[in-house]
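The task is simple: from the sequences and hints, build the whole structure.
For the record, in the sequence shown the residue sitting at position 75 is 134 according to this note's numbering, with numbers rising by one throughout.
To be clear, the hints were calculated from the coordinates, so they are not data collected in a lab.
Owing to the predicted nature of the structure, the values given are computational and were not obtained by experimental measurement.
C-beta: ideal position from N, C-alpha, C; glycine also.
Treat the hints loosely; a few may be bogus.
Said to hold, decoys possible - Only pairs whose alpha carbons sit at most 30 angstroms apart, straight line, appear in this in silico BS3-like list of lysine-lysine:
hint, residue 1, residue 2
1, K466, K585
2, K630, K616
3, K607, K630
4, K429, K607
5, K429, K88
6, K426, K585
7, K426, K243
8, K428, K607
9, K126, K243
10, K630, K613
Claimed, not checked - Simulated restraints, written as ranges between beta carbons of each label pair:
hint, residue 1, residue 2, range
11, T627, V470, 26 to 34 angstroms
12, A654, Y544, 53 to 61 angstroms
13, I77, H329, 18 to 26 angstroms
14, I561, R111, 17 to 25 angstroms
15, I122, N258, 22 to 30 angstroms
16, S642, N583, 18 to 26 angstroms
17, L653, N583, 37 to 45 angstroms
18, L107, V80, 28 to 36 angstroms
19, T238, T649, 16 to 24 angstroms
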Amino acid sequence: MYNLAVLPILLPFLTAMILLVVRDVLSRKFLDSIALATTLAVTLICILLMRRVPEVYWFGNQIPVGKMAVGIAFVIDFIAASLATFTSFLTFTVFIYSWSYFKAVSGLYHSLMLLFLGAMIGFCFTGDLFNLFVFFELMSVAAFALTAYKNESQSALQGALNFVITNMLGGMLILLGVTFIYSKTGALNFAQIGALLQNQTLDNIIITSFVLMTIGFLIKAAIAPFHFWLADAHTVAPTPVSVLLSGIMAPLGLYGFLRVYWTMYAAPLHSLDTVVTVLFFSIGTITILIASIMCFIERSLKRMLAFSTISNSGIILIGISTLKPLGIQASMIYILAHGFLKGSLFMCSGVLLHHFRSVDELDLQGKGKKIPFIGLLFFIGIIGLAGLPAFGVFTAKNMIEASMDLKVVGVAFFLILFESIVTTGAFARVFGRVFLGWGMQQKNNLVTENSEEQETQATKKTTPIVMGIPIVLLLLAPVVLNYLYFFNNTLSTAANEFQNRIWYYAVVYNETLPVTQPVNYSGNLKNYIFEFTGILIALFIGFLNIFKHFIPFKIRKITDTINMPFITILKSLQSGLIGDYLSWIIFGTTIIGLAFLRSV
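What follows is the structure, given as structure tokens:
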């Protein structure tokens, strides 16, 4: 079992290289079968690791000498194993979805997807700071290539270019942070760095390294004002790629921050806990407000889903800002439940694209009535994401509120409710207009912008069963997880372990593990009442927006006069110009840097 830890990374990497070599001589279905079998095997291995954590693998058997880590290690706790299992299962469903119907470039698509998978799992497992950067860059490179897969399209290249430049800058910032902390400690192992820093006086080198790495992770997580790349990337990325970008890659940025903070920086930054909490809560608030409104005013379903991902990342960030085990547990549940549900919604958008070659809300009006089963799955997905109790998002939201300080719990409740109502209202509007055919037919004046390149090669008259199966699996998965006693009970304890650096050090150095207790949490009836009320309000707002032509003209004119300047400003921010995006990165970096440096 000692070598099992490396297999979830080694297996997809080796398979990717083999498929790259033999892609021209093997049939498409054979390539699909190999990729599918590989991801299934990786998923099963990760599940096995979940049952055997904690586990440490030292490459070359270079175990620590005293307290000095001379080798590179994978350190796998329950949260890392859970995210790896989720990543591999999500990739497994993506390969089912794209089976024989997605217009892939032979084995190149399969190789890139497997490379992407291995890099993301490596990012979860590594206990070495430099290798964290390496896996960060490796998954970015694979994602860049997959996003620009439709390389004959100028818009695809532009969207991928924005993605490449912003995320490369994020990677450079992380590398600079690694350089600073290495100059301070002479170490790269998380546990060794944390042990060296815990008794040191906080100085500008420690602060600078922390700020640089934090910005890099926030860029990857698409947190405002570093979020602009995600919507552009989703606009041009193929549907299977979008599932992974929003489902797991963006949330891994937040996981990266959590891992680095609690293993390395929590002790030296203890005096700045209030700064971390206030700053992250504020950034999360801004992210939720901007992204929720952008989701509502968009018409492209893929861009709406992208902004929904950004707003949900904001909710996860305010959970992280509590710096409490319950906040960590809530964030992990939210990442998993959101990833499953968002993946299913992206796949539904892919089915619409398969049938009608568009994901524009106005283009699709009434056309979804031809595929009622997909409409039903889409509706289940949006109410699950809104917080229907069975799907896990509900539990995570209530945990976040329960972990909040009494001074801000009311604000957190409002933010979460606002996000749920606005984004669910937007998707309810799409459901009513597209799948029910409600509302007046409106002329689409943006044909060139919203016409989509065909992704599939099968007949558009029917929905291939392989496109429907993974949607059902992704909708069932969060329900199963929500009621799986082993997972929830273990995660409750794992959240405390994740935050306990002494426990992590003991795992790395093979010492006696300190006893940790599960996180205490219990819901109450009023949470259910508020959640159902919020869902009903969201559906009402979404459907009302479809029939807004029945609202008296004078009232509509007044609301438009009030709203249009604000909407115009928000839309202008999402300019698609890389210079603008880089300016916002510089601005955000300056604000966060000053907030910490002025507090020292």
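Could one say that the CB atoms of S642 and N583 fall in the range 18 to 26 angstroms? violated, 46 angstroms
Does K607 sit within 30 angstroms of K428, going by the straight-line distance between their CA atoms? Given pair K428, K607 holds - Cα atoms ~22 angstroms apart, limit 30 angstroms.
Please verify whether K466 and K585 have alpha carbons no more than 30 angstroms apart. holds, 20 angstroms
For the pair supplied as a hint, K630 and K616, confirm whether the alpha-carbon distance does not exceed 30 angstroms. holds, 20 angstroms
Determine whether the Cβ-Cβ distance between L107 and V80 falls within the hinted range of 28 to 36 angstroms. The hint (28 to 36 angstroms, Cβ to Cβ) holds, given that L107 and V80 are roughly 29 angstroms apart.
Against the range 18 to 26 angstroms, how does the distance between the Cβ atoms of I77 and H329 compare: consistent or not? Once the Cβ atoms are compared, 49 angstroms apart, the range 18 to 26 angstroms for H329 and I77 is violated.
Just tell me: holds or violated, for the beta carbon distance of T627 and V470 against 26 to 34 angstroms? Given range 26 to 34 angstroms: holds, Cβ gap about 27 angstroms.
With the threshold set at 30 angstroms, check whether the alpha-carbon distance from K429 to K607 stays at or below it. Measuring from Cα to Cα gives roughly 25 angstroms; hence the hint holds.
Supplied distance hint 53 to 61 angstroms, evaluated on CB atoms of A654 and Y544: violated, 42 angstroms
Has the given pair, K429 with K88, been kept, meaning a C-alpha gap of at most 30 angstroms? Holds. K429 to K88 sits at ~29 angstroms (cutoff 30 angstroms).
Does the alpha-carbon distance linking K426 and K243 stay inside the 30 angstroms limit? violated, 61 angstroms
Take a look at whether the Cβ-Cβ distance between I122 and N258 falls inside 22 to 30 angstroms. This hint holds: roughly 24 angstroms between Cβ atoms.
The earlier numbered hints that this structure contradicts are 6, 7, 12, 13 and 16.
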